[in-house]
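Undergrad: One letter stands for each residue in the lines below.
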Amino acid sequence: MGQYLLSTYAVEGEVPGATRTPEDMQAFMQRVAALEAEMEASGTFVFGGALHGPDAATVVGVSDSSPVMTDGPFVEAKEHIAGFYIINADDLDAALAWARKVVDATSHPIEVRPFRATGRIQA
Amino acid sequence: MTQAVDTHGDATGVEHVFREVYGQAVATLVRIFGDITLAEDAVQEAFVVASDRWRSDGIPPNPAGWIVTTARNRAIDDLRRSGRGRELHEQLGAVATSSHGPGTEEWGEDGPVRDDQLRLIFTCCHPALRTEHHVALTLRLLGGLSVDEVARSFLVSEAAMAKRLVRAKYKIKAAKIPYRVPDEADLPERLRSVLSVVYLIYNTGLDGPERALLRGQAIRLARALVELLPNQPEAAGLLALLLLSESRVPARAAEGALVLLRDQDRSKWDSTMIEEAHAIVRACIRRGQPGPFQLQASIQAVHCHADSFEATDWPQIVALYDHLFSVMPTPVVALNRAIAIAEIEGPGAALTLLDAIAPDLDNYHLMHAARGTMLRRLGRRDIARAAFERAAHLAATEADRRFLAQQIEELAEGRSP
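First to last, the protein sequences are chains A and B.
The numbering used here puts the first sequence at residues 4 to 126.
The numbering used here puts the second sequence at residues 180 to 596.
The hints are simulated quantities; they were obtained by calculation from the structure and are not laboratory data.
There could be a bad hint or two in this list.
What the hints assert, rightly or not - Computed cross-link-like contacts, EDC-like style, restricted to lysine to aspartate or glutamate with a CA-CA straight-line distance of at most 20 Å: (1) B:Lys350 with A:Asp94; (2) A:Lys104 with A:Asp93; (3) A:Lys104 with B:Asp362; (4) A:Lys104 with B:Asp365; (5) B:Lys342 with B:Glu311; (6) B:Lys352 with A:Glu114; (7) A:Lys104 with A:Glu43; (8) B:Lys350 with B:Glu489; (9) B:Lys350 with A:Asp96; (10) B:Lys348 with A:Glu43; (11) B:Lys350 with A:Glu114; (12) B:Lys352 with A:Asp94; (13) B:Lys348 with B:Glu219; (14) B:Lys352 with A:Glu43; (15) B:Lys355 with A:Glu114; (16) B:Lys355 with A:Asp94; (17) B:Lys352 with A:Asp96; (18) B:Lys350 with A:Asp93; (19) B:Lys355 with A:Asp93; (20) B:Lys348 with A:Asp93; (21) A:Lys104 with A:Glu39; (22) B:Lys342 with B:Asp327; (23) B:Lys348 with B:Asp220; (24) B:Lys355 with A:Glu39; (25) B:Lys348 with A:Glu39; (26) B:Lys348 with B:Glu337; (27) A:Lys104 with B:Glu219; (28) B:Lys447 with B:Asp501.
Whole structure, please, built from the sequences with the hints as guidance.
TA: So, in structure tokens, the structure goes:
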């Protein structure tokens, strides 16, 4: 058993698979809710969700004295992480199968990345 | 994948056996320990022990079994010594809970050992890895080529290839790419990727004499896949395709330049390979589950069946290309179909088809070479020459460049083809 990060990125100013009408939005939310319920029921779901945009981000810098805060995201780029799930999966094939379900539900491309064994996590 | 083994304990005999059993031994050790690097190191250590012992005592009757046993014991000792007992326990525990229990760790002629290799090739060609990693891993782990041999085949330095392999193995381990034959539902798609890797290895082997080793490796892998997956006709199709291509190798070059199919001395073709391939193609047709590799093999089978270029059954070839295009609608298939059309409807019709796909294949030398051929046959020599020049500029191999230089020279001298 391992843990994987399934993350998706949004490009500033455009949202892939954007939901335009309220009906579309509702259908989108329903698909995501159903997917999360399926993840939960199978013991796959660890944590996850969608994030606010980079304008809402703050970086706490490394400093010996008082903490240095900076308004904005760590990486100044056009692409920003838009949301993620952390899942339990036996191997990469299982993680990829869940990633495909997330793609189907959200129409977002998903990056799958394994956690390494540190702290509480056992790879 | 088991082949007749030379039982002489001399250096060449031992080297030969090492290459024969390397893939088999690594695959089994990967199943036991779940770690490629550990498996490779253990097999390497076993080879060191074997090269001493076999030279004095002769090669044992089951060299692969000997290597696996020795390598496994070495690996267990190493893990114990390095205090990785917990890891060892987990790894061996994982074996016990896998589909093959501890009692089945035998290495007979069939059964688990052959399944080990099948599992490993699906790992090496996993879609989460990039193509260059598929090729490198397959040649190193299943083909038993040295890192240097793989590096030389792909014109990169040994250090660069070693790095590539380390990176690929790191991903397999970190992301937990499984050692498993895919489920029935995923098998056709995953197999296509494995077969494409083998085909790529073969075609790279056609690029020059220093790469000839790759062709033999590819044919060996294709043969193994046919044995391991007897219900997958596409594997048989690939083997037939490789054999038909290989049968013509003795005729496809003269003085370092490519010789076109139409000009090849057909008496140089290897009739044994052609017969074997024809039997495979006939069996595929009887099965009635055509796919891209079977159709490509059928096309080559029609070519190899003809006593001369003129006697080729062109309508049959075009019909097969139509079928191939319906399942694999790529510009390269369209290109080959257009070339076949020229033999029935003439160069004008072929040129119209080529012009339609030219934008998609502008960087492909064979498209320009085909255009040059059609234009020359239509008497449009200046444009033909420009097309051949463009092809020569894009060609990657020496044999292709020499062939194209000949065409340009002939056009310059005003000679007819």
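Undergrad: Compare the structure with each hint and give your call.
TA: Consistency of the hints with the structure:
1. B:Lys350 with A:Asp94: Holds, because 12 Å separates the two Cα atoms, which is no more than 20 Å.
2. A:Lys104 with A:Asp93: Between Lys104 (chain A) and Asp93 (chain A) the Cα gap is close to 16 Å, so the pair holds against 20 Å.
3. A:Lys104 with B:Asp362: holds, 18 Å
4. A:Lys104 with B:Asp365: holds, 16 Å
5. B:Lys342 with B:Glu311: holds, 12 Å
6. B:Lys352 with A:Glu114: holds, 18 Å
7. A:Lys104 with A:Glu43: holds, 14 Å
8. B:Lys350 with B:Glu489: violated, 52 Å
9. B:Lys350 with A:Asp96: holds, 13 Å
10. B:Lys348 with A:Glu43: violated, 32 Å
11. B:Lys350 with A:Glu114: Given that 20 Å is the threshold and the Cα spacing comes to 14 Å, the pair holds.
12. B:Lys352 with A:Asp94: holds, 10 Å
13. B:Lys348 with B:Glu219: Holds. Lys348 (chain B) to Glu219 (chain B) sits at ~11 Å (cutoff 20 Å).
14. B:Lys352 with A:Glu43: violated, 27 Å
15. B:Lys355 with A:Glu114: Roughly 15 Å separates the two Cα atoms, so the pair holds.
16. B:Lys355 with A:Asp94: Satisfied, since the Cα-Cα distance of roughly 5 Å is no more than 20 Å.
17. B:Lys352 with A:Asp96: Within the cut-off at roughly 13 Å; holds.
18. B:Lys350 with A:Asp93: holds, 15 Å
19. B:Lys355 with A:Asp93: holds, 8 Å
20. B:Lys348 with A:Asp93: Roughly 18 Å between the alpha carbons, so the hint for Lys348 (chain B) and Asp93 (chain A) holds.
21. A:Lys104 with A:Glu39: Holds: Lys104 (chain A) and Glu39 (chain A) sit about 10 Å apart, inside 20 Å.
22. B:Lys342 with B:Asp327: Judged against 20 Å, a Cα distance of about 12 Å means the pair holds.
23. B:Lys348 with B:Asp220: Judged against 20 Å, a Cα distance of about 13 Å means the pair holds.
24. B:Lys355 with A:Glu39: With Cα atoms ~23 Å apart, Lys355 (chain B) and Glu39 (chain A) exceed 20 Å; violated.
25. B:Lys348 with A:Glu39: violated, 32 Å
26. B:Lys348 with B:Glu337: Measuring from Cα to Cα gives roughly 16 Å; hence the hint holds.
27. A:Lys104 with B:Glu219: Status violated; Cα separation ~36 Å.
28. B:Lys447 with B:Asp501: Violated, because 30 Å separates the two Cα atoms, which is more than 20 Å.
Comparing the model with each earlier hint shows violations of hints 8, 10, 14, 24, 25, 27, 28; every other hint is respected.
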